[in-house]
Amino acid sequence: INQHGMVQAIGGVNEKIEGFFDICQVRGLTGDQGVVIPQSNVKNLMLRQDVVDACRQGRFHVYAVDHIEPALELLIGLPIGERDATTGAYAEGSINGRVEAALRGFFNRRREIARSIGSLQTLDS
Numbered sequence: 001i002n003q004h005g006m007v008q009a010i011g012g013v014n015e016k017i018e019g020f021f022d023i024c025q026v027r028g029l030t031g032d033q034g035v036v037i038p039q040s041n042v043k044n045l046m047l048r049q050d051v052v053d054a055c056r057q058g059r060f061h062v063y064a065v066d067h068i069e070p071a072l073e074l075l076i077g078l079p080i081g082e083r084d085a086t087t088g089a090y091a092e093g094s095i096n097g098r099v100e101a102a103l104r105g106f107f108n109r110r111r112e113i114a115r116s117i118g119s120l121q122t123l124d125s
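Under our numbering, the letters of the sequence shown match residues 1 to 125, in that order.
Keep in mind the hints are simulated off the structure, nothing from the lab.
These figures come from a predicted structure and were not determined experimentally.
Glycine included, every Cβ here is placed at the ideal spot set by N, Cα and C.
There's no promise every hint is true.
[Claimed, not checked] Ranges between beta-carbon positions, derived for each pair:
(1) Gly-77 to Asp-53: 22 to 30 Å
(2) Arg-115 to Gln-25: 54 to 62 Å
(3) Gln-3 to Ala-114: 43 to 51 Å
(4) Ile-113 to Asp-84: 28 to 36 Å
(5) Cys-55 to Thr-87: 37 to 45 Å
(6) Ile-10 to Glu-73: 34 to 42 Å
Make the full structure from the sequences, and use the hints.
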C-alpha cells in the first residue's frame with residue numbers, strides 16, 4: 001500500500017492464497033475466511049481447483065481491491081465515511097468518524113495535561 005492508499009501488486013499471490021486456504025481448510029472452513037488481494041493481481045490468479053470450488057460454494061473468499069478504503073470497510077464491517085459538506089465532520093459511526101473522535105480525544109487529553117502543568121502556550125494559540 002503506497003502513501004496514497006493505493007494497493008500495489010504483490011509477488012506469489014497464488015501461493016499466498018493457497019497457503020492461507022490450506023490453513024483454513026485444516027482448521028475448518030466456515031464461509032467467513034478469505035483473503036484481500038490487490039486488484040492488479042487478479043490477472044495473475046491461477047488457483048488450485050479446490051480453492052476455486054470453495055470460492056464458488058461460498059466457503060472461502062478472494063476479495064480484490066485497488067485502494068485501502070474498501071479493504072478497511074470489508075475487514076471492519078463499517079462504512080469508511082465521507083466528510084459532511086456543511087459541518088466538515090465524518091459520520092459518527094463510520095471508520096473515519098471513529099478515527100476522528102479518537103484523535104479529538106487524544107488532543108483534548110493532551111490539552112488537559114498541558115493546562116494542569118501550565119504549559120499550554122502553543123496549544124491554544
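Of the numbered hints stated previously, which ones are contradicted by the structure, given in increasing order?
-> 3, 6
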